[in-house]
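The lines below spell out each chain.
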Amino acid sequence: MMNGYGLSFHHFGLAVRTPVRAVHFAGALGYNLSAPLLDVSQNVNLIWCTHPSMPAIEIIFPTETAGPLASVLQKSDSLIYHLCYECSDIGQSIENMIGGGERVVQIVPPTPAPLFDGREVAFVLIKGFGVVELVRASS
Amino acid sequence: MMEERLKTVLAQVLDIPSQAINDETAPATVASWDSLKQMQIMLAIEDEFGVQFSDEQIHELQSFPAIRQALSALQKK
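From first to last, the protein sequence lines are chains S and U. Once you know that position 116 of the first sequence is 116 in the numbering used here, the rest is easy, because the numbers rise by one and skip nothing. Once you know that position 53 of the second sequence is 53 in the numbering used here, the rest is easy, because the numbers rise by one and skip nothing.
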């Protein structure tokens, strides 16, 4: 179900320094886990976790070079880094959020994401809420 | 006065002592100052001083003196 901003929940983004323990926990919960995937454009490694009755989780962990998780993981070895929402039009949803009074700052403009078969994703910072990933819905 | 308040905001977001902030303070000299911190800094300054930066400023004002100068200009408007 969409809402006023044209968004529907898609997944949690879980940032971890190393994936071993997170993979073990998710596996024990019954999640199906993908093989690790390098997202070159974001400079992070990803593991996609799906479950028949629980929300999807994207496990995100650093590559060997400094990337966007450096400060996120500075004080904690794991935390929910972003919430992801699906929408039909990323630009329109951002406009809707701004029109709704949100302070929205673009972090990463719409970019094809290998984890989602090349569908566009964008990252924004919603003031007072946090980092939100927007993924364009399958057409 | 404004400069001290600005230093306090940067210090809180970057988790460094405000005394360590000077005209050399920038992403190249502060390890914790990455792209996400950049935005958190700018939004925290907006809260503290009741101003609003453009999206371009939020991304491009990447040093203490650059932020101070832009903030000063906004306050004169």
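No lab work stands behind these hints: they were computed from the structure. Here the structure is a predicted model, which means the values were calculated and not measured. We put the beta carbon where it would ideally sit given N, CA and C, even for glycine. Be aware that a few hints might be false.
[As the list claims (entries may be wrong)] Which bits of chain S does chain U cover? Going by a derived footprint, with three or more residues having C-beta under 8 Å, they are:
| id | segment |
| --- | --- |
| 1 | 100-113 |
| 2 | 124-135 |
[Said to hold, decoys possible] Using 25 Å as the maximum straight-line C-alpha spacing, the simulated SDA-like pairs for lysine to any residue come out as follows:
| id | chain 1 | residue 1 | chain 2 | residue 2 |
| --- | --- | --- | --- | --- |
| 3 | U | Lys76 | U | Thr25 |
| 4 | U | Lys7 | U | Pro65 |
| 5 | U | Lys7 | S | Ala70 |
| 6 | S | Lys75 | U | Lys77 |
| 7 | U | Lys7 | S | Pro62 |
| 8 | S | Lys127 | U | Glu3 |
| 9 | S | Lys127 | U | Gln52 |
| 10 | U | Lys77 | U | Glu56 |
| 11 | S | Lys127 | U | Pro27 |
| 12 | S | Lys127 | U | Gln40 |
| 13 | S | Lys127 | S | Leu38 |
Now for the hints, and whether the structure bears them out:
Closer than 8 Å: that is the beta-carbon criterion, and the segment 100-113 of chain S has 4 residues meeting it against chain U, so the requirement of 3 holds. With 3 residues carrying a beta carbon less than 8 Å from a beta carbon of chain U, the segment 124-135 of chain S meets the three-residue requirement, and the given coverage holds. Between Lys76 (chain U) and Thr25 (chain U) the alpha-carbon distance is near 24 Å, which keeps this suggested pair within the 25 Å criterion. Among the hinted pairs, Lys7 (chain U) with Pro65 (chain U) is consistent with the structure: their alpha-carbon atoms are about 11 Å apart, no more than 25 Å.
Straight-line distance between C-alpha atoms of Lys7 (chain U) and Ala70 (chain S) comes to about 22 Å, which keeps the hinted pair within the 25 Å bound. Of the supplied pair hints, the one linking Lys75 (chain S) and Lys77 (chain U) is violated, its CA atoms being roughly 39 Å apart against a limit of 25 Å. Of the supplied pair hints, the one linking Lys7 (chain U) and Pro62 (chain S) is violated, its CA atoms being roughly 30 Å apart against a limit of 25 Å. Our distance criterion of 25 Å between C-alpha atoms is met by Lys127 (chain S) and Glu3 (chain U), whose separation comes to about 24 Å.
The suggested pairing of Lys127 (chain S) with Gln52 (chain U) holds, with an alpha-carbon distance near 12 Å, which does not exceed 25 Å. Straight-line distance between C-alpha atoms of Lys77 (chain U) and Glu56 (chain U) comes to about 18 Å, which keeps the hinted pair within the 25 Å bound. Taken as a hint, the Lys127 (chain S) and Pro27 (chain U) pair is honoured in the structure, with Cα atoms around 22 Å apart against an allowance of 25 Å. Between the alpha carbons of Lys127 (chain S) and Gln40 (chain U) the distance comes to roughly 9 Å, so the proposed pair stays at or under 25 Å and holds.
Among the hinted pairs, Lys127 (chain S) with Leu38 (chain S) is inconsistent with the structure: their alpha-carbon atoms are about 29 Å apart, more than 25 Å.
In terms of the numbered hints stated before, the structure departs from hints 6, 7, 13, listed from lowest to highest.
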